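Chemist: Spelled out, the chains give:
2 protein chains.
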Amino acid sequence: MQPTIGVDVGGTKIAGGVVDAEGKILHRHQVPTDANDPDAIVASIVDVTKECVAAVGDAVAVGVGAAALVDSDEGVVLWAPNLAYKDLPLRALLSKQVSLPVIVDNDANVAAVAEAVYGAGRGAKHQVMVTVGTGIGSGLVLDGHLYRGRHGLGGELGHMILVPGGDLCACGNHGCWEAVASGRAIGRLARQRIEGGAGADVLAAAGGDIEAITGELVGEAAVSGSPFARDVVAEIGRLLGIGLANIVNIFDPELIVVGGGAAAGTGELLLAPAREAMKAHIVGEAYRTAVRVVPAALGNDAGVVGAAVLARELAPA
Amino acid sequence: MQPTIGVDVGGTKIAGGVVDAEGKILHRHQVPTDANDPDAIVASIVDVTKECVAAVGDAVAVGVGAAALVDSDEGVVLWAPNLAYKDLPLRALLSKQVSLPVIVDNDANVAAVAEAVYGAGRGAKHQVMVTVGTGIGSGLVLDGHLYRGRHGLGGELGHMILVPGGDLCACGNHGCWEAVASGRAIGRLARQRIEGGAGADVLAAAGGDIEAITGELVGEAAVSGSPFARDVVAEIGRLLGIGLANIVNIFDPELIVVGGGAAAGTGELLLAPAREAMKAHIVGEAYRTAVRVVPAALGNDAGVVGAAVLARELAPA
Chain S
1 MQPTIGVDVG GTKIAGGVVD AEGKILHRHQ VPTDANDPDA IVASIVDVTK
51 ECVAAVGDAV AVGVGAAALV DSDEGVVLWA PNLAYKDLPL RALLSKQVSL
101 PVIVDNDANV AAVAEAVYGA GRGAKHQVMV TVGTGIGSGL VLDGHLYRGR
151 HGLGGELGHM ILVPGGDLCA CGNHGCWEAV ASGRAIGRLA RQRIEGGAGA
201 DVLAAAGGDI EAITGELVGE AAVSGSPFAR DVVAEIGRLL GIGLANIVNI
251 FDPELIVVGG GAAAGTGELL LAPAREAMKA HIVGEAYRTA VRVVPAALGN
301 DAGVVGAAVL ARELAPA
Chain X
1 MQPTIGVDVG GTKIAGGVVD AEGKILHRHQ VPTDANDPDA IVASIVDVTK
51 ECVAAVGDAV AVGVGAAALV DSDEGVVLWA PNLAYKDLPL RALLSKQVSL
101 PVIVDNDANV AAVAEAVYGA GRGAKHQVMV TVGTGIGSGL VLDGHLYRGR
151 HGLGGELGHM ILVPGGDLCA CGNHGCWEAV ASGRAIGRLA RQRIEGGAGA
201 DVLAAAGGDI EAITGELVGE AAVSGSPFAR DVVAEIGRLL GIGLANIVNI
251 FDPELIVVGG GAAAGTGELL LAPAREAMKA HIVGEAYRTA VRVVPAALGN
301 DAGVVGAAVL ARELAPA
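Which chain is which? The protein sequence lines are S and X, in order. Residue numbers are given in this note's numbering: position 270 of the first sequence equals residue 270, and the series is strictly consecutive. Residue numbers are given in this note's numbering: position 38 of the second sequence equals residue 38, and the series is strictly consecutive.
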């Protein structure tokens, strides 16, 4: 099998890589994302892809994973809460520029594919990947295949309503799982409790500026041993776990792979209470003996590798 | 294709039918369910099946849909909140008694198959069936196939947690969709409001006995025009709709088929507010142009027909 190119389009960087038949990244190239300028984003995607094409002469197809709602059937990036693009026919634009077939999908979908093929999900027929970062993304691998749904918009588990009327989400709704159980939710809960007079250590770590308290900072304080920060992370972990229970009740998977920056940064401080809350909210829990919740294995490479794996379906046989 | 037998095991009756290649029920037989006696339930299932076998000589396989958690790979009825059976190897027991191959599945799964093949879901590749009765059942038809998950326990959408810490569910958890948006929830909300002094008309319809106010009675009052009852039904409809939005965000289906007694008994009084709440809670709503929420078409026959359709996979080619 000839190599394919994977491009991971995120809010801070656009990363490309050439990936071989064993999932190894042969060559890498990345540039920062100009999140407010859709033309600049497209130009950067084209540049990164061309650089990869030039670096390894025999790449046969391109996959793009974008942090956005993506209609993968049509290859159109529809909308993203954190990036300026809207209704962008990326597949057509990029394919014309690089003269290779292109597939475009959601970043969480490509990460799920990468983990299923080369990461923590190897060998599991039914698995759900959940990416806990600033928000919550997810990808569904059901009966061994990426599930996309009717418009290619399936697997938006981060926007399942978990607390009707709850905290405002970046999508505009209230009480989405992402709004109450993501890295952003960790920061928000810490700020609320600090306004109530707790968490002097975390406030000091933020230089006394309550607005500077992010989920990342709270996660670091938790890892360093702050009881206040650990309590905040555990509380969000429980809400994360209720969403995981929903995943189990809905999909009956054998595996849930948890990735993303907030999960990687807090590890078991987040995952242990999540697993406990999950178990308490599963119907027929005693019968679902095979289900496991495991950390993602591929880290930041999941986007590039997964996009390149998806591109293989476009490669000449 | 030779006929197959479908058996629908519910809380009040066990209904059997012989179903032909066009989905027509050629013969029917049913008996009441003795919900508290597992041996009697099995004996009734055997009797109903034998009666159907005898009535139409050439039936080649038997499907059973049971109101329970069912491990369909193993043919074992695991557990049900409203029926006495537990860890019952129904496939083995029944197959031995009737000398035909048997498949056992969850009642909501078989109803979903029936609607997908012969009912409201004909032609839709991705569809979710939701049965709103005393509780909420569901079945998933994804990429044209019934999705069961790792242990055959997928599609328990009724037990997705929608209101953490909310009303007690029959499963023992709190705040399941079924606990807050089913026929039982309609009755509970009406009783709460009547205790607060409202709904004199509905209380009178129940002979002044607040404990006699069921979801069914409230539904009938709503259909008869009671503004109090209509308001209760609409409120539960909105919670139903938030769960439907979760289904859309998760599966991106083209169709949600809503069946069950509570839905049939209230019609658009429940479904119209449900659709409205659903639309308000979908991420990327403008892009999901194909999604529709429609009433089930097969009514009480869905269980028998769907179980018989599942049994076809056991028929000799």
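The hints are simulated quantities; they were obtained by calculation from the structure and are not laboratory data. Just so we're clear, the structure is a prediction, and the values are computed from it rather than from any experiment. Careful: at least some of the hints might be erroneous.
Said to hold, decoys possible - Using C-beta positions, here's what the derived DEER-type ranges look like:
hint	chain 1	residue 1	chain 2	residue 2	range
1	X	H145	S	E276	46 to 54 angstroms
2	X	T289	S	G207	30 to 38 angstroms
3	S	T289	X	G172	13 to 21 angstroms
What the hints assert, rightly or not - 20 angstroms max Cα-Cα, derived SDA-like pairs, lysine to any residue:
hint	chain 1	residue 1	chain 2	residue 2
4	X	K13	X	A40
5	S	K279	X	H174
6	X	K125	S	E74
7	S	K86	X	L168
8	S	K86	X	A286
9	X	K279	S	R288
10	X	K279	S	E74
11	X	K86	S	D58
12	S	K279	X	P164
13	X	K86	S	W79
14	X	K279	S	G166
15	X	K86	S	R288
16	S	K279	X	L168
17	X	K86	S	T289
18	S	K24	S	D58
19	X	K279	S	G172
20	S	K279	X	A170
21	X	K279	S	K24
22	X	K86	S	I25
23	S	K279	X	G165
24	X	K279	S	G165
25	S	K279	X	P81
26	S	K279	X	G166
27	S	K86	X	R288
28	X	K86	X	A40
Think of the CB as a built atom: it goes at the ideal place given N, C-alpha and C, for glycine as much as any other residue.
Chemist: State for each hint whether it applies.
Modeler: Comparing the hints with the structure gives:
1. A C-beta distance of roughly 34 angstroms is found between H145 (chain X) and E276 (chain S), which places it outside the suggested range of 46 to 54 angstroms.
2. In this structure the hint that T289 (chain X) and G207 (chain S) lie 30 to 38 angstroms apart at CB is violated, the actual value being about 48 angstroms.
3. Between T289 (chain S) and G172 (chain X) the beta carbon distance is about 19 angstroms. The supplied range of 13 to 21 angstroms therefore holds.
4. As the CA atoms of K13 (chain X) and A40 (chain X) are separated by approximately 12 angstroms, the hinted pair is consistent with the 20 angstroms bound.
5. Our distance criterion of 20 angstroms between C-alpha atoms is met by K279 (chain S) and H174 (chain X), whose separation comes to about 13 angstroms.
6. Annotation: proposed proximity of K125 (chain X) to E74 (chain S) holds, straight-line Cα distance about 18 angstroms (limit 20 angstroms).
7. For the suggested pair K86 (chain S) and L168 (chain X), the alpha carbons sit about 43 angstroms apart, so the restraint of at most 20 angstroms is broken.
8. Taking the CA atoms of K86 (chain S) and A286 (chain X), the gap is near 12 angstroms; set against the 20 angstroms cutoff, the hint holds.
9. Only pairs whose Cα atoms come within 20 angstroms are accepted, and K279 (chain X) paired with R288 (chain S) is rejected, the gap being roughly 33 angstroms.
10. Of the pairs offered as hints, the one joining K279 (chain X) and E74 (chain S) is violated, with about 23 angstroms between alpha carbons and a cut-off of 20 angstroms exceeded.
11. This hinted pair does not check out: K86 (chain X) and D58 (chain S) have alpha carbons roughly 59 angstroms apart, beyond 20 angstroms.
12. Straight-line distance between C-alpha atoms of K279 (chain S) and P164 (chain X) comes to about 14 angstroms, which keeps the hinted pair within the 20 angstroms bound.
13. A threshold of 20 angstroms between alpha carbons decides the hint, and for K86 (chain X) with W79 (chain S) the separation of about 48 angstroms lies outside it, so the pair is violated.
14. Taking the CA atoms of K279 (chain X) and G166 (chain S), the gap is near 17 angstroms; set against the 20 angstroms cutoff, the hint holds.
15. Annotation: proposed proximity of K86 (chain X) to R288 (chain S) holds, straight-line Cα distance about 15 angstroms (limit 20 angstroms).
16. Of the supplied pair hints, the one linking K279 (chain S) and L168 (chain X) holds, its CA atoms being roughly 17 angstroms apart against a limit of 20 angstroms.
17. A threshold of 20 angstroms between alpha carbons decides the hint, and for K86 (chain X) with T289 (chain S) the separation of about 17 angstroms falls inside it, so the pair holds.
18. Restraint check: the Cα-Cα separation between K24 (chain S) and D58 (chain S) comes to about 15 angstroms, which is no more than 20 angstroms; the hinted pair holds.
19. For the hint pairing K279 (chain X) with G172 (chain S), the CA-to-CA distance comes to about 13 angstroms; that is within 20 angstroms, so the pair holds.
20. Distance hint between K279 (chain S) and A170 (chain X) is fulfilled; the C-alpha atoms sit about 17 angstroms from each other, no more than 20 angstroms.
21. Taking the CA atoms of K279 (chain X) and K24 (chain S), the gap is near 43 angstroms; set against the 20 angstroms cutoff, the hint is violated.
22. This hinted pair does not check out: K86 (chain X) and I25 (chain S) have alpha carbons roughly 51 angstroms apart, beyond 20 angstroms.
23. Of the pairs offered as hints, the one joining K279 (chain S) and G165 (chain X) holds, with about 15 angstroms between alpha carbons and a cut-off of 20 angstroms not exceeded.
24. Proximity of K279 (chain X) to G165 (chain S) is assessed by CA-CA distance (about 15 angstroms); at most 20 angstroms being required, the pair is judged to hold.
25. With a C-alpha separation of about 18 angstroms, the suggested pairing of K279 (chain S) with P81 (chain X) holds against the 20 angstroms cut-off.
26. Proposed proximity of K279 (chain S) and G166 (chain X) is supported: the alpha carbons are some 17 angstroms apart, at most 20 angstroms.
27. Annotation: proposed proximity of K86 (chain S) to R288 (chain X) holds, straight-line Cα distance about 15 angstroms (limit 20 angstroms).
28. A distance of roughly 13 angstroms separates the Cα atoms of K86 (chain X) and A40 (chain X); the hinted pair therefore holds under the 20 angstroms criterion.
Of the numbered hints listed earlier, those contradicted by the structure are 1, 2, 7, 9, 10, 11, 13, 21 and 22.
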